[in-house]
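*Asks:* Start from the sequences and build out the full structure, keeping to the hints where you can.
Residue numbers (the working numbering), protein chains in the order written: chain A, 28 to 252; chain B, 31 to 636.
Calculated from the structure, these hints are not laboratory results.
As the structure is a computational prediction, the values presented were derived from the model and not from experiment.
Each hint should be verified, as a subset may be incorrect.
[Said to hold, decoys possible] With a Cα cut of at most 25 Å, we get these calculated DSS-like pairs of lysine-lysine: (1) K70/A to K219/A; (2) K453/B to K546/B; (3) K201/A to K452/B; (4) K70/A to K105/A; (5) K452/B to K72/A; (6) K160/A to K70/A; (7) K554/B to K351/B; (8) K608/B to K337/B; (9) K453/B to K201/A; (10) K125/A to K105/A; (11) K354/B to K540/B; (12) K452/B to K232/A.
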Amino acid sequence: MMKSIWKNIKYLLIFFGLSLSLSGCFDFVEEIQLNNDGSGLLKYKLNLSKSKTKLSSIMLMDSIRGFAVPDQDEIHEKLVDLKLHLQDQEGLSDVVVKENWGEYIFEVSLHFDNIESVNHGFESVMSKDQFAKGLFFTPFESSGDRFVRNYVHQDYSSIQGWDRNFTEVFSDSKFTAVYKFGRLVDSQTNPKYLISKNRKAVMFKSSFLDLIKKEATLQNSIVLQ
Amino acid sequence: MKYFLLLSFLLGVYCGISQDISAHVPTLSSSVFVINNKSIHEKCSRADLKTYSFFKEFKENSNQYISGAKVEETLVPMLVANAEDFGISTTDRSYVFVRDKDSIKYTAFISRIANEDALNNLVKSMLMSEDEISNGVGEGFEFAFNDNMGIAWNSTMVVFMDYWIPYYAYASYGLESIAEEIEPIETPEDDEYYESYADKLEAEEQKRIERKRNTVMGAFEEIYNPNPDHTMALNPRFQNATQNNSEVTVFIDGANSFKELDGIFGAAEPMGETLSMMSDNYLFIDFNINDKDLTAEMTYHISDRFKDQMNATNKAKFNKKALKYIDGQNLIGFFGFAIDPEPYYDMMMDMYSTIMSSVPEYGEIAAGALDIFNILLDEDEVFDFIKGDAVFAVTDIKEFDVTYTTYEYDEDFNELEVTTTKKEPMPEYTFVASIGNEPLRSRILRMMEKSDLLVFNEGYYTYQPPFSRYRRSNPSGLGGTHYVAVENDVLIITNNKDLVTLYRQSGLPKTNWLNKEHRTILKKNNYVGYWDANRTFTKLNEEMKSLGKDFFKMMEVADSTFKNATVCGLENDGNLFKTTLSLNFVNENKIAIVQLLEFVESIGGK
Numbered sequence: 028m029m030k031s032i033w034k035n036i037k038y039l040l041i042f043f044g045l046s047l048s049l050s051g052c053f054d055f056v057e058e059i060q061l062n063n064d065g066s067g068l069l070k071y072k073l074n075l076s077k078s079k080t081k082l083s084s085i086m087l088m089d090s091i092r093g094f095a096v097p098d099q100d101e102i103h104e105k106l107v108d109l110k111l112h113l114q115d116q117e118g119l120s121d122v123v124v125k126e127n128w129g130e131y132i133f134e135v136s137l138h139f140d141n142i143e144s145v146n147h148g149f150e151s152v153m154s155k156d157q158f159a160k161g162l163f164f165t166p167f168e169s170s171g172d173r174f175v176r177n178y179v180h181q182d183y184s185s186i187q188g189w190d191r192n193f194t195e196v197f198s199d200s201k202f203t204a205v206y207k208f209g210r211l212v213d214s215q216t217n218p219k220y221l222i223s224k225n226r227k228a229v230m231f232k233s234s235f236l237d238l239i240k241k242e243a244t245l246q247n248s249i250v251l252q
Numbered sequence: 031m032k033y034f035l036l037l038s039f040l041l042g043v044y045c046g047i048s049q050d051i052s053a054h055v056p057t058l059s060s061s062v063f064v065i066n067n068k069s070i071h072e073k074c075s076r077a078d079l080k081t082y083s084f085f086k087e088f089k090e091n092s093n094q095y096i097s098g099a100k101v102e103e104t105l106v107p108m109l110v111a112n113a114e115d116f117g118i119s120t121t122d123r124s125y126v127f128v129r130d131k132d133s134i135k136y137t138a139f140i141s142r143i144a145n146e147d148a149l150n151n152l153v154k155s156m157l158m159s160e161d162e163i164s165n166g167v168g169e170g171f172e173f174a175f176n177d178n179m180g181i182a183w184n185s186t187m188v189v190f191m192d193y194w195i196p197y198y199a200y201a202s203y204g205l206e207s208i209a210e211e212i213e214p215i216e217t218p219e220d221d222e223y224y225e226s227y228a229d230k231l232e233a234e235e236q237k238r239i240e241r242k243r244n245t246v247m248g249a250f251e252e253i254y255n256p257n258p259d260h261t262m263a264l265n266p267r268f269q270n271a272t273q274n275n276s277e278v279t280v281f282i283d284g285a286n287s288f289k290e291l292d293g294i295f296g297a298a299e300p301m302g303e304t305l306s307m308m309s310d311n312y313l314f315i316d317f318n319i320n321d322k323d324l325t326a327e328m329t330y331h332i333s334d335r336f337k338d339q340m341n342a343t344n345k346a347k348f349n350k351k352a353l354k355y356i357d358g359q360n361l362i363g364f365f366g367f368a369i370d371p372e373p374y375y376d377m378m379m380d381m382y383s384t385i386m387s388s389v390p391e392y393g394e395i396a397a398g399a400l401d402i403f404n405i406l407l408d409e410d411e412v413f414d415f416i417k418g419d420a421v422f423a424v425t426d427i428k429e430f431d432v433t434y435t436t437y438e439y440d441e442d443f444n445e446l447e448v449t450t451t452k453k454e455p456m457p458e459y460t461f462v463a464s465i466g467n468e469p470l471r472s473r474i475l476r477m478m479e480k481s482d483l484l485v486f487n488e489g490y491y492t493y494q495p496p497f498s499r500y501r502r503s504n505p506s507g508l509g510g511t512h513y514v515a516v517e518n519d520v521l522i523i524t525n526n527k528d529l530v531t532l533y534r535q536s537g538l539p540k541t542n543w544l545n546k547e548h549r550t551i552l553k554k555n556n557y558v559g560y561w562d563a564n565r566t567f568t569k570l571n572e573e574m575k576s577l578g579k580d581f582f583k584m585m586e587v588a589d590s591t592f593k594n595a596t597v598c599g600l601e602n603d604g605n606l607f608k609t610t611l612s613l614n615f616v617n618e619n620k621i622a623i624v625q626l627l628e629f630v631e632s633i634g635g636k
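*Replies:* Written out as structure tokens, the structure is:
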């Protein structure tokens, strides 16, 4: 089961990576709403709308650059598998997958009892694949008045054709992280994060290329009042 | 003297037939490829094929290509292109044909042998690269085979064959149990005593191989020692199809192709009517490499039963008023047809009802349903609405406004969805079709308006894709905005707004019309196609080229090689209806084959 989930994710990554390598234009958003009791809402959104014309052309093809292009039903099936898997994880609930095929926007959101459940959820998905397992690190930590977003720069050089392709793939792609809290933000360690006017949220924006080239980091430790 | 002349004539005919190995192609083959080795060899020699690096590489590694090559996919082009080295005749015709017998289904390539030693080397190298080869000797030939393919040869002719033995022929490996369930076979050998179970298995394996050997040998026998009355040499349809002596001719026999259904439905079913309907229908395609172009002429021989209907169908012409809406200034390509829908409908219904009636069990019900449909259909109303001519044209590649969604954040980092517009290069297209029956078309348009598929503007409609129906702020949806208009009894569907606003009533100005050459093609034919390869790639900008570098590199080479392609038809001569496809090259000072080989060399070198 786990293996097939990771296979599904890899399949989606290959497809979207391939699609993006032809367009180099997407936005990825990570959003967490952390309640005072440690529970919260996690949302991931992949927005390919800017490349939708090219994607719709690619979706008409059987294969491109030697990779089979999946149809809408196949992708839907894989997302449903992912949803079912996450739903099974302890501490995770209300998993919702939204697919907007008109705009090519895909969203996964879920409720978590505590931030460790999210970490375990990620780990369970990645642990069955040797390569993905090697990439795993604990992304979030939360204790009392502190919330930490960890980030470890990865070495992707073992991925075939990585050097040749990654600039092209991520050339115009953006990563946004928004973390919202029930309490006011007192301080943080990463100046790249902006603090909202009501001081209850922080936001990080960067190009994927900067993150990959180690010119930016997501690492941040936020102290709450 | 006249007896001498008659004798000479008969001898000449006999020699002609005996020299051509079409006398070894069974007349019941469903399709036959006739390869004019002499002409192809001459063209390749003229183009100096041997100097091209892709050909040199292919020759150096021919052993590796031969291993496991499929007859219809790889083996034939390889053998024909390198005929001299492989000992294949470069002066006679070779044949590839598909034969569906009850006992075996196969695709075979047959050719005369010019150099026996070279051919023996080829056969040896092929056999050495295959596993589990069995040998045999037939009447006047030797053969070898494994699970999928067979080779047979004698001193004059060689046969390469891919084959499949259907389970009901009781000889297929792994499906023996299924065959036995259908009809248990009890032979005296079954009672034989074996020392061990292993011995029994070995003996059964031997029997299976023996049965397979006999089946394969039967197929080779049919080729080497045919009944002279049942070969393509005496098939008038085939002889008619191959008289042009083209580089490659493909012959597809309607009745023989339909015989496949006979096998599926069973001989007891009433397929006779369908087979009789298709009996004099056949298609042949002549492929030629000429000095200036490559051509494919598709000729359909329509039986007397459908000839008149086909003629009536093709009497239709393109509507001149509709052509006024096609912008020819930056034309990329178009295709269209003009048919009289009424006789076409009658012909199709005749065909379908005959075929339906032949289908076992539900055939009569389906044919009955078709009859009821015919009774209920108001033909006058429908054929007054659909006039039968339509053209789809890509008139330019240019930048269009395309909307997309992004997300912005307010001061408290709450997400806000924003619709943004950007310019993106896309094809500009126009579809035109003649339509009549104003009350009916108005009803249809009103219905589409009510269901929100069309939104009425001043004199034209905007198409609203279902997924964005509830987003009034963004009616364009995917791939820009599409417009629909009906004017002068012409249905216009386009993404060129000017066409439905500025030029809807009177059509485009004369200076924008299709050029004389294209108008002539549309005037003289009722099935047409045209593609301007050169202009297509000139129009594609850098952004579109990012759709895959390798793909577009190849297309760039194609751009400097191919000028344009045209399809024209149907030309009619008695029962024959012909459509011609021609591919024209950019450089008029080089012969087509050289440009084609240079193209292959360029893309092969990337």
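*Asks:* Now tell me, hint by hint, if it's right for this structure.
*Replies:* For each hint, the structure was consulted:
no.: 1; hint: K70/A to K219/A; verdict: holds (21 Å)
no.: 2; hint: K453/B to K546/B; verdict: violated (33 Å)
no.: 3; hint: K201/A to K452/B; verdict: holds (18 Å)
no.: 4; hint: K70/A to K105/A; verdict: holds (18 Å)
no.: 5; hint: K452/B to K72/A; verdict: holds (22 Å)
no.: 6; hint: K160/A to K70/A; verdict: holds (22 Å)
no.: 7; hint: K554/B to K351/B; verdict: holds (16 Å)
no.: 8; hint: K608/B to K337/B; verdict: holds (13 Å)
no.: 9; hint: K453/B to K201/A; verdict: holds (20 Å)
no.: 10; hint: K125/A to K105/A; verdict: holds (13 Å)
no.: 11; hint: K354/B to K540/B; verdict: holds (8 Å)
no.: 12; hint: K452/B to K232/A; verdict: holds (22 Å)
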